[in-house]
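Going line by line, the protein sequences match chains A, B, C and D. Using full-length UniProt numbering, the first residue of the first sequence is number 1, and each one after it goes up by one. Using full-length UniProt numbering, the first residue of the second sequence is number 1, and each one after it goes up by one. Using full-length UniProt numbering, the first residue of the third sequence is number 1, and each one after it goes up by one. Using full-length UniProt numbering, the first residue of the fourth sequence is number 1, and each one after it goes up by one.
Do not rely on the hints blindly, as some may be mistaken.
Identical chains blur together in the list; that is why a pair holds if it fits in one copy or across any two.
[Unchecked claim] Pairs of lysine-lysine residues, derived as BS3-like cross-links and limited to a Cα-Cα distance of at most 27 angstroms, are as follows:
{"#": "1", "residue 1": "7", "residue 2": "146"}
{"#": "2", "residue 1": "395", "residue 2": "134"}
{"#": "3", "residue 1": "285", "residue 2": "232"}
{"#": "4", "residue 1": "170", "residue 2": "236"}
{"#": "5", "residue 1": "399", "residue 2": "146"}
Hints listed in this document are in silico derivations from the structure and should not be mistaken for laboratory results. Fair warning: this is a prediction, and the values are worked out from it, not measured in the lab.
The lines below spell out each chain.
4 protein chains.
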Amino acid sequence: MAPVGSKRGVLERLDAGEVVIGDGGFVFALEKRGYVKAGPWTPEAAAEHPEAVRQLHREFLRAGSNVMQTFTFYASDDKLENRGNKLTFTGQQINEAACDLAREVANEGDALVAGGVSQTPSYLSCKSEDEVKKIFKKQLDVFIKKNVDFLIAEYFEHVEEAEWAVQVLKATGKPVAATLCIGPEGDMHGVTPGECAVRLVKAGADIVGVNCHFDPMTCVKTVAMMKAGVEKAGLKAHYMTQPLAYHTPDCSCQGFIDLPEFPFALEPRILTRWEMQQYAREAYKAGIRYIGGCCGFEPYHIRAVAEELATERGTLPEASQKHGMWGSGLEMHTKPWVRARARRDYWEKLKPASGRPLCPSMSSPDGWGVTKGHAELMQQKEATTAEQLRPLFEKADAKH
Amino acid sequence: MAPVGSKRGVLERLDAGEVVIGDGGFVFALEKRGYVKAGPWTPEAAAEHPEAVRQLHREFLRAGSNVMQTFTFYASDDKLENRGNKLTFTGQQINEAACDLAREVANEGDALVAGGVSQTPSYLSCKSEDEVKKIFKKQLDVFIKKNVDFLIAEYFEHVEEAEWAVQVLKATGKPVAATLCIGPEGDMHGVTPGECAVRLVKAGADIVGVNCHFDPMTCVKTVAMMKAGVEKAGLKAHYMTQPLAYHTPDCSCQGFIDLPEFPFALEPRILTRWEMQQYAREAYKAGIRYIGGCCGFEPYHIRAVAEELATERGTLPEASQKHGMWGSGLEMHTKPWVRARARRDYWEKLKPASGRPLCPSMSSPDGWGVTKGHAELMQQKEATTAEQLRPLFEKADAKH
Amino acid sequence: MAPVGSKRGVLERLDAGEVVIGDGGFVFALEKRGYVKAGPWTPEAAAEHPEAVRQLHREFLRAGSNVMQTFTFYASDDKLENRGNKLTFTGQQINEAACDLAREVANEGDALVAGGVSQTPSYLSCKSEDEVKKIFKKQLDVFIKKNVDFLIAEYFEHVEEAEWAVQVLKATGKPVAATLCIGPEGDMHGVTPGECAVRLVKAGADIVGVNCHFDPMTCVKTVAMMKAGVEKAGLKAHYMTQPLAYHTPDCSCQGFIDLPEFPFALEPRILTRWEMQQYAREAYKAGIRYIGGCCGFEPYHIRAVAEELATERGTLPEASQKHGMWGSGLEMHTKPWVRARARRDYWEKLKPASGRPLCPSMSSPDGWGVTKGHAELMQQKEATTAEQLRPLFEKADAKH
Amino acid sequence: MAPVGSKRGVLERLDAGEVVIGDGGFVFALEKRGYVKAGPWTPEAAAEHPEAVRQLHREFLRAGSNVMQTFTFYASDDKLENRGNKLTFTGQQINEAACDLAREVANEGDALVAGGVSQTPSYLSCKSEDEVKKIFKKQLDVFIKKNVDFLIAEYFEHVEEAEWAVQVLKATGKPVAATLCIGPEGDMHGVTPGECAVRLVKAGADIVGVNCHFDPMTCVKTVAMMKAGVEKAGLKAHYMTQPLAYHTPDCSCQGFIDLPEFPFALEPRILTRWEMQQYAREAYKAGIRYIGGCCGFEPYHIRAVAEELATERGTLPEASQKHGMWGSGLEMHTKPWVRARARRDYWEKLKPASGRPLCPSMSSPDGWGVTKGHAELMQQKEATTAEQLRPLFEKADAKH
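The following block holds chain A by itself, in its conformation from the complex:
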């Protein structure tokens, strides 16, 4: 095992043209395992149930991840206490515990630690640039103290807030990646992917791209637009995708949040491992070299990315010891018609059925057409009251 600090950094790897495999989204994976609450989506499990977080890190490491992202999503103080959420740990405790877990598991293999910040309720509630930057700074202090290897500003719906985050992170001298949660239509104020990317690079990001909100192919398409924008502007950057593991052909600009199925009925949209291999290939072809995942990704999805790019990376992940490429493990199945599926062309061509004949294949996304600046988006520390919910229920019912 390499001693801490002796590993090649993220930019060193990307500059050399290597593939860096990210991990998957922890909030969704740990929600299914019983450690994260859907709604607030806060990462107190890092302090509360470290064994669960450590195990998930380990599974992604085994699956081929080169990055252990600290489980600090939404771990800013204003988000931890939003709308009645109550925690027994402080933001600092959570952030520190998350750093320690990421480092512990990173040291078990060839992985770096990335400290992550994400969008804040404060920005949505129209707080000032100073106030918002102070929030990022607070998380950052922990990352520096814990000496993470690089930093990620991720899950921003508005490029302006992401620029602020990048500016704060950049001041540390560590490499900075920045990913928006946008699709081809651009950010919530209509800034195109190309322009968003240019602004992020100018703000100091070394790596730009998208994460969350859209399915893999849509994210690859969006990053390709970012890349075209950066190149057209005569700038340079590395590119990154960390998409959903859910098919989202029916999403509009706000992504899967707007789907009626979000967040408790997304199951039928989960990608298969074979669809993930196709994603890895397309991302690679598009010139993207930091390839990871977000909500919905399980370890086997990351393993599929690593298996697709095994030749390019020169290695298979440890977890592939428990996986036959393209279904070859089925050669050991007891039933002959299942052994007949032990081949690539079978799985590549298969169009999997939903088993849900009473359900449609696409949904009409909710679209309230509001974003930062609209009264309905102001956040509050107090729990949402029944009086506040009633008009929301009525508005929603009137739309359907």
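Given the structure of chain A, go ahead and fit chains B, C and D onto it with the hints provided.
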């Protein structure tokens, strides 16, 4: 924490009319986490990666499971070495490690340990009753040494083999549960569910039912047929279901094995938590009191069963601290149109889209129409060769 | 053109093992053309717009039909005046006009004229056998006066009423065919298809089978059950299917009436011509020799039946001059990728998309579980009032 | 009945803000009735089977059409003889017969006669402007001789050819409508809908819009783009849509021709009458006043347009005597649960199932990416040979 042995046994609970919640299927859950190989589906992880198995036990315990099944599925020596599978642990080591892990976690809460045996390649290959019973006996010796609380004979396609297993298990004096992997059409030789159940009860099973192969509602329907058969015969038993977490409306008698999507493209069929609550309710209404899951179940699925039956059980599981009933956690979401989904009627009525407009909603199952006794079903220790695979590929292609 | 009366009769043909091709359902086809009102579904167009009825007869004749059924569906006096329906023609005028049109077009080709009676509101309203038989007798008087070639009792949900009809028709000495609108579950009182068929044969039917209510493959399956029943009883008969041109995999015993889409949103269920060829082949294989259609059939559907059985019949229909077998007409298309579809295997394998990603593939049929004898099914001459509709709307809404 | 010539002209009506309802597509409707051959799609039925064409005109008239389009689609000499098509009538005979039939039925009601020309194989085969214009001129001579009320240049994939047609038609002094078969992506050479419309207006068209190739909502969207273009250019025109009656969400720029289901498996895509009412409303809202249909339209679809706009037009069509608005005819149905569907909100909300659980909801369109100028698109008088078909089959198979 109750000292070992001080807990009320499974029959004590069922006799008192209580609900016993099972766990989910470990081979599928651990395959997604990178510790089990699809194809052989063997449980060497119990010895190889105990931390991963322990964590999964813990998640089910937190989710409400009252039973920790030893991770000994297919852990008979003839299966561990079938068709070229090679392991660095003996069957005995795996079975012992699995017992220790189940006991360790069971002791952390209100759960019993159940030792499980399942169908053997030897039966499929037409070995004698004596030979098959010897295999069960070997696993059983470990269960007795480790003093499990009760025994489960599960995943049998032929009632005859299940009877043999029950007879072996019954001799120990411990309570015995027996579940076939059949649907309403009955076992692979056409024995009806009602008759199967009668035969299992007569062989000595205290609890009878089904596991795996079919979706929850189909399993409830099948167990209802079993119950009717047992009652008509003037016998008594307790009833149990441990279904798939996959929708299988298109399956024929062999269940999801025959679906073209098995086992690598079943994602669109995964049940939501709300569909699981409906399953728990229907199972309860049908008089089934041992309610668990099998392949595809994740901890949140078991939690949904526990939440649906919270009133009947008088308690909510620990993991419900991270879950608002019927989506109420969404009251804390930042977006108002997502807060508008924080209610039961929204999730109960939703027909989730697949996000897969190029895919059908049902498949035509493979149906080679062979079972025990047919040459194509003879098993072998050696790896399947390319020469053996070729005719299988051709036969499969000719069917599509 | 053969002179009237010189043609070989329907039994002569069937006894010789020949295929007799029926026509399609006139009420649905003429509803789309603007001449029949959905709801009452009465055939006054025969008198009101003879040119439209004549043209439809002609199209079916060109498509290969050997039978022109008089357009007398629901032309019994009690149905013509049911629930506020008002007509400017008497039942006798309509029945006579229908006979004349059928005869006129039959004389233009190799077709026979069949006079048809169908189930009555009187039976549903629990009138006596005498009263119901009087209604059939009244229509029959016209058929005898107009000297139709044979008689059909069709669209009966209750075998008892069909027996009464057959008894009345049989008294004329003309050949009698009888088709129920039932599926594999049997008639509305649960009499199995096999038993229904035996009762119809004993009542005097020469030809038995099913029409309407279910899709072609379900109808073939049902008639196969009828045939098995008749043969088991040591009786003899000829067999007949006139199914819907709609896919109905989701129907329960009452058929497509119960589908939420009935009758104004059935479009996505319409069978293609290739699916019709498959139907014709399966019907033929099942030993059915009178093969026609019902609601949803357009002339090209009947042509597809005739084309599939061209070898067996030794002839192609006239309308095939305007149709290349298996898409060969596309060889003349201007676009090369459309010419590439000019072949059988292309169309046989195609799984046509619905173009409706927001719609499911199956529906939950309405099932009020009532039939003859239930108060809700009593008929009335007066229009349904708003007061009568309100509870129906509420009951329906409560079910969804 | 108004004497010929006494009717108000099409521009008079549109200038007054009135709605003009078009008819439906004759080639598809008559193909299903057995009078047109799919592939060549030529209109010889006008001369060969005038009774069938007359009847279809009459049905559209009864349904509310204000325009009887002469059945002269593809009736140019170069198309009539393309790729081995053989006819027993000359182009002139067909065109004359079509004019007579349209006039005969137009005189039975409030309808005008429109003479129509469409795109030519000659243009696709790169013939000169003069040669192409000569073809239009030849059809036009008949229209003038027969004194049609106005002219339509329809079904053009390339705006250049449509301009040529408009120039020829305009010279007659009669009102000219011009519709391209394009979608929002513009014509086959990428000219945007806005620019296409401007060019057509400048060429002399009084009415511009689209017909065929896309579903109603897509066509409305495209015409809205045309309208915006015309208005931005400071020009004036009237607007027109005659879309498919098929849902085409999956089409690319060439429209439904590219769908794998074209032309023999489009059934599941057929619009319901309620979807047609929605189309009529949206078209009206978009400022379109000439509202008709194309392939797939049956008389009941046009009636739905007329019913939706009954208030605006001040009249209901004759065929509405056989149709209760919004399903009210079902009040007369014998079954109470069908009477429960006699209301608008039921039909407006219904998402009709396809009844096809093995079929997807969308297709991947063929896309060979060729248009005028590409060798594969050269036309020929001789039949396509087997040698010519083989490479097409192979190319198609390689794409799937």
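Structure-based check of each hint:
In this assembly of identical chains, residue 7 and residue 146 lie within 27 angstroms of each other by CA distance solely inside one copy; the values are 16 angstroms within and 45 angstroms between copies. In this homomeric assembly, residue 395 and residue 134 never come within 27 angstroms of each other (Cα to Cα): the closest approach is 35 angstroms inside a single copy and 59 angstroms across copies. For the homomeric pair residue 285 and residue 232, the shortest alpha-carbon distance inside one copy (19 angstroms) is at most 27 angstroms, but the shortest distance between copies (41 angstroms) is not. In this homomeric assembly, residue 170 and residue 236 come within 27 angstroms of each other (Cα to Cα) only inside a single copy, at 16 angstroms, whereas the closest approach across copies is 57 angstroms.
In this assembly of identical chains, the alpha carbons of residue 399 and residue 146 never lie at most 27 angstroms apart, being 48 angstroms within a copy and 53 angstroms across copies at closest.
Hints 2 and 5, counting from the list given before, are not met by this structure.
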